[in-house]
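What follows is the residue order along each chain.
Protein chains: 4
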Amino acid sequence: MAVLVGLDIGGTKIMVASADREGNILRRVRAETSTSLEADLANIDRMIAAVAADEEILGMGAAIGGPLDWEQGIVSPLHQPAWRNVPLKALMEAKWNCRFRVDVDTNVAAIGEYRWGGLFAERFLYLTLSTGMGGGFLIDGKIYRGQDGAHPEVGHQSIHFRCSNPSAVQCECGVSDCLEALVSGNGIRRIYGKSAETLNPEEWQEVAYNLGQGLRNLAALYAPHVIRIGGGVAVGGGERFVSAAREAMQEHLRLVPAPQLGLSHLGYDTALRGAIALALLK
Amino acid sequence: MAVLVGLDIGGTKIMVASADREGNILRRVRAETSTSLEADLANIDRMIAAVAADEEILGMGAAIGGPLDWEQGIVSPLHQPAWRNVPLKALMEAKWNCRFRVDVDTNVAAIGEYRWGGLFAERFLYLTLSTGMGGGFLIDGKIYRGQDGAHPEVGHQSIHFRCSNPSAVQCECGVSDCLEALVSGNGIRRIYGKSAETLNPEEWQEVAYNLGQGLRNLAALYAPHVIRIGGGVAVGGGERFVSAAREAMQEHLRLVPAPQLGLSHLGYDTALRGAIALALLK
Amino acid sequence: MAVLVGLDIGGTKIMVASADREGNILRRVRAETSTSLEADLANIDRMIAAVAADEEILGMGAAIGGPLDWEQGIVSPLHQPAWRNVPLKALMEAKWNCRFRVDVDTNVAAIGEYRWGGLFAERFLYLTLSTGMGGGFLIDGKIYRGQDGAHPEVGHQSIHFRCSNPSAVQCECGVSDCLEALVSGNGIRRIYGKSAETLNPEEWQEVAYNLGQGLRNLAALYAPHVIRIGGGVAVGGGERFVSAAREAMQEHLRLVPAPQLGLSHLGYDTALRGAIALALLK
Amino acid sequence: MAVLVGLDIGGTKIMVASADREGNILRRVRAETSTSLEADLANIDRMIAAVAADEEILGMGAAIGGPLDWEQGIVSPLHQPAWRNVPLKALMEAKWNCRFRVDVDTNVAAIGEYRWGGLFAERFLYLTLSTGMGGGFLIDGKIYRGQDGAHPEVGHQSIHFRCSNPSAVQCECGVSDCLEALVSGNGIRRIYGKSAETLNPEEWQEVAYNLGQGLRNLAALYAPHVIRIGGGVAVGGGERFVSAAREAMQEHLRLVPAPQLGLSHLGYDTALRGAIALALLK
Numbered sequence: 006m007a008v009l010v011g012l013d014i015g016g017t018k019i020m021v022a023s024a025d026r027e028g029n030i031l032r033r034v035r036a037e038t039s040t041s042l043e044a045d046l047a048n049i050d051r052m053i054a055a056v057a058a059d060e061e062i063l064g065m066g067a068a069i070g071g072p073l074d075w076e077q078g079i080v081s082p083l084h085q086p087a088w089r090n091v092p093l094k095a096l097m098e099a100k101w102n103c104r105f106r107v108d109v110d111t112n113v114a115a116i117g118e119y120r121w122g123g124l125f126a127e128r129f130l131y132l133t134l135s136t137g138m139g140g141g142f143l144i145d146g147k148i149y150r151g152q153d154g155a156h157p158e159v160g161h162q163s164i165h166f167r168c169s170n171p172s173a174v175q176c177e178c179g180v181s182d183c184l185e186a187l188v189s190g191n192g193i194r195r196i197y198g199k200s201a202e203t204l205n206p207e208e209w210q211e212v213a214y215n216l217g218q219g220l221r222n223l224a225a226l227y228a229p230h231v232i233r234i235g236g237g238v239a240v241g242g243g244e245r246f247v248s249a250a251r252e253a254m255q256e257h258l259r260l261v262p263a264p265q266l267g268l269s270h271l272g273y274d275t276a277l278r279g280a281i282a283l284a285l286l287k
Numbered sequence: 006m007a008v009l010v011g012l013d014i015g016g017t018k019i020m021v022a023s024a025d026r027e028g029n030i031l032r033r034v035r036a037e038t039s040t041s042l043e044a045d046l047a048n049i050d051r052m053i054a055a056v057a058a059d060e061e062i063l064g065m066g067a068a069i070g071g072p073l074d075w076e077q078g079i080v081s082p083l084h085q086p087a088w089r090n091v092p093l094k095a096l097m098e099a100k101w102n103c104r105f106r107v108d109v110d111t112n113v114a115a116i117g118e119y120r121w122g123g124l125f126a127e128r129f130l131y132l133t134l135s136t137g138m139g140g141g142f143l144i145d146g147k148i149y150r151g152q153d154g155a156h157p158e159v160g161h162q163s164i165h166f167r168c169s170n171p172s173a174v175q176c177e178c179g180v181s182d183c184l185e186a187l188v189s190g191n192g193i194r195r196i197y198g199k200s201a202e203t204l205n206p207e208e209w210q211e212v213a214y215n216l217g218q219g220l221r222n223l224a225a226l227y228a229p230h231v232i233r234i235g236g237g238v239a240v241g242g243g244e245r246f247v248s249a250a251r252e253a254m255q256e257h258l259r260l261v262p263a264p265q266l267g268l269s270h271l272g273y274d275t276a277l278r279g280a281i282a283l284a285l286l287k
Numbered sequence: 006m007a008v009l010v011g012l013d014i015g016g017t018k019i020m021v022a023s024a025d026r027e028g029n030i031l032r033r034v035r036a037e038t039s040t041s042l043e044a045d046l047a048n049i050d051r052m053i054a055a056v057a058a059d060e061e062i063l064g065m066g067a068a069i070g071g072p073l074d075w076e077q078g079i080v081s082p083l084h085q086p087a088w089r090n091v092p093l094k095a096l097m098e099a100k101w102n103c104r105f106r107v108d109v110d111t112n113v114a115a116i117g118e119y120r121w122g123g124l125f126a127e128r129f130l131y132l133t134l135s136t137g138m139g140g141g142f143l144i145d146g147k148i149y150r151g152q153d154g155a156h157p158e159v160g161h162q163s164i165h166f167r168c169s170n171p172s173a174v175q176c177e178c179g180v181s182d183c184l185e186a187l188v189s190g191n192g193i194r195r196i197y198g199k200s201a202e203t204l205n206p207e208e209w210q211e212v213a214y215n216l217g218q219g220l221r222n223l224a225a226l227y228a229p230h231v232i233r234i235g236g237g238v239a240v241g242g243g244e245r246f247v248s249a250a251r252e253a254m255q256e257h258l259r260l261v262p263a264p265q266l267g268l269s270h271l272g273y274d275t276a277l278r279g280a281i282a283l284a285l286l287k
Numbered sequence: 006m007a008v009l010v011g012l013d014i015g016g017t018k019i020m021v022a023s024a025d026r027e028g029n030i031l032r033r034v035r036a037e038t039s040t041s042l043e044a045d046l047a048n049i050d051r052m053i054a055a056v057a058a059d060e061e062i063l064g065m066g067a068a069i070g071g072p073l074d075w076e077q078g079i080v081s082p083l084h085q086p087a088w089r090n091v092p093l094k095a096l097m098e099a100k101w102n103c104r105f106r107v108d109v110d111t112n113v114a115a116i117g118e119y120r121w122g123g124l125f126a127e128r129f130l131y132l133t134l135s136t137g138m139g140g141g142f143l144i145d146g147k148i149y150r151g152q153d154g155a156h157p158e159v160g161h162q163s164i165h166f167r168c169s170n171p172s173a174v175q176c177e178c179g180v181s182d183c184l185e186a187l188v189s190g191n192g193i194r195r196i197y198g199k200s201a202e203t204l205n206p207e208e209w210q211e212v213a214y215n216l217g218q219g220l221r222n223l224a225a226l227y228a229p230h231v232i233r234i235g236g237g238v239a240v241g242g243g244e245r246f247v248s249a250a251r252e253a254m255q256e257h258l259r260l261v262p263a264p265q266l267g268l269s270h271l272g273y274d275t276a277l278r279g280a281i282a283l284a285l286l287k
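Protein chains in written order, with my numbering: chain Y, 6 to 287; chain G, 6 to 287; chain A, 6 to 287; chain D, 6 to 287.
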């Protein structure tokens with residue numbers, strides 16, 4: 006049986022899976038990301054061979070950190086310093102002789118959730134809350150892109166926040182007051198001096214309030230039907246965290262209908278499943 | 006010559022104009038808004054008759070305050086309490102025997118600026134800064150609508166603001182920390198105890214900073230090519246105000262390209278000109 | 006477990022199914038269409054109750070013959086004369102207390118094939134070849150609608166056809182030379198005096214040639230990535246018929262890339278599965 | 006005053022104009038197309054300098070015959086054999102230091118008619134009937150593109166035609182029965198042995214009938230609000246020709262609403278005016 010191949014290439018690990026045309030995963034493998042581009046690429050080729058298992062590959066898709074040129078398929082993931090201007094699409098299409106598509110991990114995750122996550126929403130926003138914060142916005146199932154293909158940066162909006170340690174709010178992008186600096190794993194570590202898992206209830210509440218303010222802005226500007234949140238911080242915080250964020254969102258939202266808000270249905274596989282969808286895309 | 010008729014129905018005044026198919030205004034009239042629906046409607050009919058001047062009317066378009074149902078053409082403009090659930094489209098089409106289209110004033114203004122304002126931008130945001138604050142976002146020239154047709158409410162986002170009188174920040178929507186409460190005419194009056202025209206340079210600077218933070222959020226979430234700002238506060242503040250807001254926006258924007266930002270090219274006629282465009286819409 | 010409910014309401018039979026959020030069918034029932042609206046509606050209610058099996062219904066979707074008003078949900082299926090201006094959406098939402106969406110069967114089938122048929126194509130055309138001929142065209146997964154919501158009528162195009170009995174080419178719409186009159190079940194019966202199943206190879210070849218000419222027009226005007234064909238005549242004709250049509254299409258297509266062409270992957274359930282997708286739509 | 010520059014590069018002549026931001030032409034020049042690429046490019050540079058008249062150039066747009074890669078701006082116009090894989094965008098941007106956009110002439114003409122032709126239609130089709138036949142289809146003002154960016158080829162559809170000299174129906178694309186072979190200037194010359202201007206009323210009627218059949222297919226598949234026709238054959242045939250084509254279209258159209266049909270409002274400047282609009286595009 007011919008297979009689709011999806012890749013989720015992250016700063017700490019790489020996941021590769023094969024699937025049938027209905028998106029059911031057939032085989033999957035996983036490896037640590039190295040510090041060498043050559044090692045990573047060789048590893049990826051081995052992983053693809055392993056999951057393809059000598060079947061014909063119908064297409065491949067990949068999720069990776071930005072920035073990247075999704076049309077040319079040239080990638081420079083911020084958190085993988087060895088990867089700079091890598092012509093991933095050209096390399097993969099030459100090697101594997103099938104169409105290869107790549108996009109920013111949050112866009113790919115949004116597609117995964119939309120297609121395989123048990124939803125069908127005309128205006129859909131997917132958020133990731135892990136080391137950093139990002140999102141992918143789909144209009145009628147299509148990735149929204151802005152000026153010259155730029156993707157929105159939902160983590161780099163400003164909100165009226167609450168913070169018990171305001172001087173520690175400092176975003177990695179260089180600006181002091183981004184939402185990402187308040188609610189991402191790295192931001193939490195800077196502000197509270199510990200990882201998200203170890204936050205106490207009051208601290209979780211503060212993080213949820215700030216996320217809720219960001220959600221309120223997203224609701225006001227996109228007026229989406231559904232927002233789903235994935236990524237380690239969100240999955241770790243769980244339903245309780247999402248509930249608190251929802252409450253803060255709704256408390257600040259009057260004129261725009263509140264979106265349905267929930268955790269990703271695909272857990273840690275959202276980007277991988279999205280990459281499989283990309284592999285099918287014509 | 007057959008004509009288009011456009012109406013800008015506001016809380017304090019009503020403007021009606023006729024135009025040729027290229028949007029050139031032929032005749033225009035203006036009246037105060039009354040406190041009676043019947044008087045307003047009779048007035049509007051007289052104004053239409055005056056600008057049509059016995060020519061065939063090809064179509065009519067109107068801009069009015071929300072909320073409204075743009076498909077059914079039923080309007081309930083917030084600041085015109087006598088107008089509640091008025092089936093404006095049905096009334097006008099029965100009376101004038103031509104197609105009548107109506108939309109929220111900020112959406113209509115966005116269309117006016119897009120079509121007649123000397124620009125052609127794939128992602129375009131129009132903002133109004135007057136008594137309140139609103140906006141219309143066009144994707145490839147088409148009005149963006151969210152969940153079930155809801156339009157974004159760009160004035161009701163939260164930002165990390167600066168304010169010399171923070172306890173006076175209170176939005177009319179019921180939430181304390183909306184952008185509108187910081188930068189609109191009414192918001193300015195609450196905070197600074199005077200109208201926008203009489204602000205001193207430091208106060209203008211504070212308003213511009215806060216607008217800049219809102220623009221930064223809009224840039225981060227929509228990644229538009231162009232933002233144009235109209236409305237009395239913006240036109241009153243002029244290029245200097247816009248420059249200060251641009252500076253604050255750019256200072257806080259790293260990962261998304263900055264939009265081109267400027268004042269509306271159509272001054273106080275943006276919504277009226279947009280209504281004329283709507284009159285042409287098939 | 007909460008369920009989705011999908012309905013495929015046809016001129017000869019009604020199919021109703023419940024499914025989970027991933028579109029997997031849980032229970033299904035089927036009945037003959039009667040000649041009484043009341044009997045049909047009562048039947049439909051019983052069928053829904055049967056497949057829902059006391060679970061909460063998340064939403065309902067339906068496929069039915071045109072014409073209809075998809076926004077208001079008022080239907081008048083041509084081949085069900087007892088159904089005229091039936092406010093199906095209002096009736097169902099009042100009775101079942103959940104969102105109900107309905108669209109023309111060919112549009113719904115297109116959505117079914119797109120979402121559950123193992124494909125993901127930016128430009129996708131679904132065709133039905135049964136008693137009549139119709140289609141649904143999806144741009145980035147969204148139903149294409151024309152002037153004031155009109156859906157394309159791909160069966161009512163004209164082609165340069167071959168026919169051994171040209172005087173029998175007569176479309177039910179009143180025009181003599183529609184494609185539907187050449188390739189649909191009813192058209193085949195008029196031209197060849199027998200049903201599609203009993204055509205001899207030369208007759209199949211003629212039908213395939215004419216379908217191929219229609220496909221060539223569809224390819225020239227839509228330039229789609231993928232065309233899938235369903236419906237009794239196509240499924241009956243099978244891969245051999247589709248191959249012959251593909252050949253005729255390609256022979257006449259020069260400047261536009263040929264689409265991938267194949268039979269529906271969902272067989273006779275395409276519209277039913279699409280109705281389940283509609284049931285999920287927000 | 007800063008200016009926009011538009012170019013209409015055709016097989017027999019090149020037109021270049023400068024305009025203000027509202028699209029009003031300021032200066033224009035025109036030259037014969039040569040048989041040398043170098044001569045043409047030098048000529049174009051001189052023409053641009055002439056119309057720019059030392060003003061700042063805000064942007065440039067160009068219409069040219071296909072095929073071309075509109076994103077990369079590499080052109081190979083069929084009827085200009087000296088132009089093969091010319092990186093026009095790169096050449097022009099390097100030379101003139103401003104954004105340059107190019108597209109197929111029929112797409113550009115569609116944009117010109119849409120923006121400056123006194124119309125505003127959600128589904129709009131522009132047709133050119135000159136030496137050959139082509140079209141550009143706009144959905145909400147945006148150029149429709151098919152598989153991998155391919156543009157529709159409306160002249161290469163098949164219709165059920167009438168022809169007094171059927172053996173002379175032969176399209177330049179290599180297929181015998183394209184609409185272009187029946188209604189374009191070259192097709193007319195092959196069939197009737199003379200140019201369009203010299204056709205007698207019966208011959209015009211036959212051409213109009215065939216065009217009407219093509220229009221019926223376009224109406225059935227796109228269901229547009231408005232179709233406008235330009236190009237020498239259509240402008241030469243005038244209102245009478247368009248009326249006869251409209252009649253044939255309506256006679257064969259039942260289930261889809263007929264579009265408003267008329268001649269281009271911009272005469273021979275449609276592509277040039279569209280190029281000016283492209284020059285403004287961000």
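Watch out, some of these pointers could steer you wrong.
A pair counts as met if it fits within one copy or between any two copies, since identical chains are not told apart.
[As the list claims (entries may be wrong)] Straight-line alpha carbon distances no greater than 25 angstroms define the calculated SDA-like cross-link-like pairs of lysine to any residue that follow:
1) Lys18 <-> Gly243
2) Lys147 <-> Gly241
3) Lys287 <-> Leu268
4) Lys100 <-> Ile144
Please keep in mind that the hints were generated in silico from the structure rather than gathered at the bench.
Hint-by-hint comparison with the structure:
1. Lys18 <-> Gly243: within (23 angstroms within a copy, 46 angstroms between copies)
2. Lys147 <-> Gly241: neither (29 angstroms within a copy, 35 angstroms between copies)
3. Lys287 <-> Leu268: Close across copies (17 angstroms), not inside one copy (29 angstroms); limit 25 angstroms.
4. Lys100 <-> Ile144: Neither. Shortest intra-copy (34 angstroms) and inter-copy (31 angstroms) distances fail the 25 angstroms Cα cut-off.
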